[in-house]
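First to last, the protein sequences are chains H and W. Each residue of the first sequence is one higher than the last, beginning at 0 in numbering that gives the first Met the number 0. Each residue of the second sequence is one higher than the last, beginning at 0 in numbering that gives the first Met the number 0.
If you're looking for bench data, these hints aren't it; they were derived computationally from the structure. Incorrect hints may appear among the rest.
Put simply, identical chains are the same to the list, so a pair is met inside one copy or across any two.
[Claimed, not checked] Subject to a maximum C-alpha distance of 25 Å in a straight line, what follows is the list of computed BS3-like cross-link-like pairs (lysine-lysine):
1) K139 with K237
2) K65 with K248
3) K171 with K143
4) K237 with K132
5) K137 with K171
6) K65 with K221
7) K137 with K65
Given the structure is predicted, the values throughout are model-derived calculations rather than measurements.
Number of protein chains: 2
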Amino acid sequence: MAGSNAPVGVFDSGVGGLTVAREIMRQLPEERIVYFGDTARLPYGTKSRNTVIRFSRQIVRFLMTKEVKAIVIACNTATAFALEEIQRELRIPVIGVIDAAARVAVSVTGNNRIGVVGTTATIGSGMYEKALKQYNEKVKVYGKACPLLVSLAEEGWLHDTITEEVVSRYLKDLRYKSIDTLILGCTHYPLLRSTFRKIAGEDVTLVNPAYEVAMELGELLKTRGLSCGRDVGGAGEKYEFFVSDAAEKFCEFANSILPFDIEQVKQINIEDFEAEGRDAFREG
Amino acid sequence: MAGSNAPVGVFDSGVGGLTVAREIMRQLPEERIVYFGDTARLPYGTKSRNTVIRFSRQIVRFLMTKEVKAIVIACNTATAFALEEIQRELRIPVIGVIDAAARVAVSVTGNNRIGVVGTTATIGSGMYEKALKQYNEKVKVYGKACPLLVSLAEEGWLHDTITEEVVSRYLKDLRYKSIDTLILGCTHYPLLRSTFRKIAGEDVTLVNPAYEVAMELGELLKTRGLSCGRDVGGAGEKYEFFVSDAAEKFCEFANSILPFDIEQVKQINIEDFEAEGRDAFREG
Chain H
0 MAGSNAPVGV
10 FDSGVGGLTV
20 AREIMRQLPE
30 ERIVYFGDTA
40 RLPYGTKSRN
50 TVIRFSRQIV
60 RFLMTKEVKA
70 IVIACNTATA
80 FALEEIQREL
90 RIPVIGVIDA
100 AARVAVSVTG
110 NNRIGVVGTT
120 ATIGSGMYEK
130 ALKQYNEKVK
140 VYGKACPLLV
150 SLAEEGWLHD
160 TITEEVVSRY
170 LKDLRYKSID
180 TLILGCTHYP
190 LLRSTFRKIA
200 GEDVTLVNPA
210 YEVAMELGEL
220 LKTRGLSCGR
230 DVGGAGEKYE
240 FFVSDAAEKF
250 CEFANSILPF
260 DIEQVKQINI
270 EDFEAEGRDA
280 FREG
Chain W
0 MAGSNAPVGV
10 FDSGVGGLTV
20 AREIMRQLPE
30 ERIVYFGDTA
40 RLPYGTKSRN
50 TVIRFSRQIV
60 RFLMTKEVKA
70 IVIACNTATA
80 FALEEIQREL
90 RIPVIGVIDA
100 AARVAVSVTG
110 NNRIGVVGTT
120 ATIGSGMYEK
130 ALKQYNEKVK
140 VYGKACPLLV
150 SLAEEGWLHD
160 TITEEVVSRY
170 LKDLRYKSID
180 TLILGCTHYP
190 LLRSTFRKIA
200 GEDVTLVNPA
210 YEVAMELGEL
220 LKTRGLSCGR
230 DVGGAGEKYE
240 FFVSDAAEKF
250 CEFANSILPF
260 DIEQVKQINI
270 EDFEAEGRDA
280 FREG
């Protein structure tokens with residue numbers, strides 16, 4: 000079992016999970032992080048449950064070679080599809096981005112009408128609704144898949160009239176539902192926060208799962224006696240970044256959203272980490 | 000060696016290549032087709048050369064198990080990165096979507112100023128420029144990456160004010176270059192043809208590589224004595240569709256653009272078709 004000075008594993012389909020890593024760095028500055036972005040196979044949001052589970056298993060297998068003490072699934076789609084499976088298989092704590100956000104959303108809503116925006120896969124999975132109703136079965140949940148927003152965020156059109164128009168169209172239905180709380184259920188969406196704020200209006204509370212999961216991680220590590228006891232120094236020593244493709248492009252994007260410049264991103268062949276004896280999950 | 004009644008293999012990162020398959024069905028109605036869409040790993044347009052080559056090799060290996068007589072790479076990114084490698088390795092004819100379109104563009108331009116729109120990977124590869132200059136070294140080529148258009152096409156916003164605005168922004172630079180010919184260098188873009196027509200204006204000739212590569216395939220099969228001698232009947236018998244994920248979603252999209260309804264799409268695990276002894280290509 001990895002000790003308290005071991006790193007936390009964080010993974011996502013690509014760069015979106017960096018908004019989660021950023022929050023962990025901010026809230027838990029002494030923790031080491033091993034980040035993996037599956038850039039060869041992104042996005043996950045359009046893919047099926049079995050495929051996302053298979054990809055997630057390979058990534059977890061890779062992270063375990065780094066002797067991580069806990070894993071954060073920093074991707075809503077992978078959380079929706081693979082969290083429970085991964086939790087069942089591992090002895091170390093594994094948390095996802097959905098549960099903490101659901102708990103907070105239920106605690107801040109005044110009228111019990113909550114909206115959720117995310118990828119087609121996340122919304123289709125119904126996992127936010129399930130999590131929200133677990134905390135308060137009376138809440139009404141309105142989901143809306145927004146497949147274009149990841150591309151817009153990655154294109155860098157963060158403050159842009161076209162992005163505003165797209166968000167406005169996606170939120171149209173939700174506005175008629177009188178929601179007072181909106182969960183940004185995709186790790187790319189915090190990058191579009193100001194656009195969501197503008198279109199949703201001041202009366203709607205935006206819930207950012209990246210912030211909430213970093214809080215949850217801090218509490219969890221504390222409870223389990225796994226909080227890192229000492230700060231090992233600069234970002235170069237504390238944070239390791241791995242991707243399955245296009246390390247340079249990842250670096251560029253990461254440097255635009257992290258508070259420091261990444262010195263090195265290593266590329267690995269994630270398919271080599273296929274879990275044996277799991278063939279039942281390999282076909283849809 | 001596969002005989003003339005063998006099928007033609009057609010592959011793409013996902014659904015875009017169906018615009019090519021559709022043209023082959025229209026122009027060469029007697030040919031059988033085995034189509035593969037790599038829906039588990041789409042899109043290719045943001046990925047690196049080595050990764051796209053590795054994925055393409057796996058797909059080719061799968062298609063060879065279907066004893067195809069020829070292969071059409073119905074994806075601009077895969078053509079840009081993997082065509083030459085694949086051609087070197089196979090004895091059957093392999094063609095891509097770039098060359099035929101380049102030849103036609105050079106023959107229709109009046110002022111030798113040609114624009115190319117495509118994915119980040121296709122434009123970044125410079126393969127269209129190379130192909131165009133091979134036919135006429137005097138042409139000036141202006142490339143523009145349009146990463147949002149695949150998502151917009153897949154969202155089904157084909158005739159839409161937002162799509163018009165996005166296309167307009169992408170074409171802005173090209174308009175100042177006085178191009179008279181524009182290559183739609185991504186297999187999704189023919190779905191947005193009317194928007195391109197509207198924004199580019201009537202004076203710009205649009206070149207559709209899907210149409211041109213189907214023409215090239217017909218000529219090639221004829222020259223090699225590989226044209227199918229007899230029509231085997233309905234679409235159900237002639238056409239086979241395979242994907243690496245989400246067969247149902249593929250089916251839905253395919254049925255919206257093909258002139259018949261697909262009865263069956265089979266899902267396979269494409270990673271199982273890893274070519275042995277090619278490890279040199281597995282790391283970036």
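Hint-by-hint comparison with the structure:
For the homomeric pair K139 and K237, neither the shortest alpha-carbon distance inside one copy (42 Å) nor that between copies (49 Å) is at most 25 Å. For the homomeric pair K65 and K248, the shortest alpha-carbon distance inside one copy (24 Å) is at most 25 Å, but the shortest distance between copies (36 Å) is not. For a Cα distance limit of 25 Å, the shortest separation of K171 from K143 inside one copy, 10 Å, qualifies, whereas the shortest one across copies, 32 Å, does not. In this assembly of identical chains, the alpha carbons of K237 and K132 never lie at most 25 Å apart, being 38 Å within a copy and 49 Å across copies at closest.
Taking CA atoms no more than 25 Å apart as the test, K137 paired with K171 passes inside one copy only; the shortest distance there is 23 Å, against 51 Å between copies. Taking the shortest Cα distances, K65 and K221 sit within 25 Å of each other inside one copy (21 Å), while across copies they are farther apart (56 Å). Taking the shortest Cα distances, K137 and K65 never come within 25 Å of each other, neither inside one copy (42 Å) nor across copies (54 Å).
Figure legend: structure checked against the earlier numbered hints; hints not met, in rising order: 1, 4 and 7.
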